[in-house]
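> The numbering used here puts the first residue of the sequence shown at 11, with every later residue one more than the last.
Mixed in with the good hints there might be a few duds.
Each pair of labels, with its calculated beta carbon distance range [unchecked claim]:
1. Arg-86 x Gly-250: 22 to 30 Å
2. Ile-251 x Arg-85: 51 to 59 Å
3. Phe-89 x Gly-145: 40 to 48 Å
Simulated from the structure, these hints should not be mistaken for lab results.
Here a beta-carbon is modelled for each residue, glycine too, at the ideal position from N, C-alpha and C.
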Amino acid sequence: MTVSPTFIGFSESAETWERLPYDWFDIWHVVRNEHGSRFAPMLKMTEYILKHTWETGRFNGQVQLSANEIRLGRRRNKFERFDNGTSISENSVQNAGKALVELGLLEIEQDQANLARRLRTYRPRIHEKNEGNTGKPFSGFPPPTQNYFKVPKVWTDITTNITRASTILAVEYLFRHTWGLNNKERVWLSADEIAEGRLYDNGRRRYDAGTGFDVSSIHRALKEALALGLVVWTERYEAGITTRLFNLRISREPAQACDTIE
């Protein structure tokens, strides 16, 4: 893999943002336990639906899309699209949609007025306070008016080139802990922390359960993220031990090689 020649790094102040809930990584822990490690289509599709509803402040909103639009991008008009979609196949759109409904994360309705276009209406399921047991793993997302972290709007376009869920979630974990907590100085995390959870300064407790992948998977994910120019690394030497730490690549920072990540 080579460094992406077009991506120049993230810039919090210069980009428009979307919202992901704080329990985002806990959700995908459960999905991986239910469906195994190949859940990237479900992850990409969920993020795409959230982008086209929550981004505009429609937290109980919906969006009408064809499988082709989810794959290649929602149409602005006959000739233009809003973005690059998800890159997942139309068959994967159908399978992922069915699984996400069964999990309790999305609601999907077939457009009966125009069956030829095969349009469906997608709605993120929002958890209601007084809602009883639904019999599904999730009762929807909490309303994202608070307890969310920011992800750049361009992120879904970037992830069209990523096939590993571990890579997507590893970078999102850096979004969560670099900008999700208003850390102006940025937070550098080890592969262990991205896998199992960021450590408090005392090194005894963790903020959360991390991405839930094993450290070897996170090493491979970070190698891919480095090759795409999404993250950077530095080294910390402490008590005779050298630890490599990772962070988002900020615009104007040079990309780094990934040949000796482990």
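> Sort out which numbered hints this structure fails and list those numbers smallest first.
1
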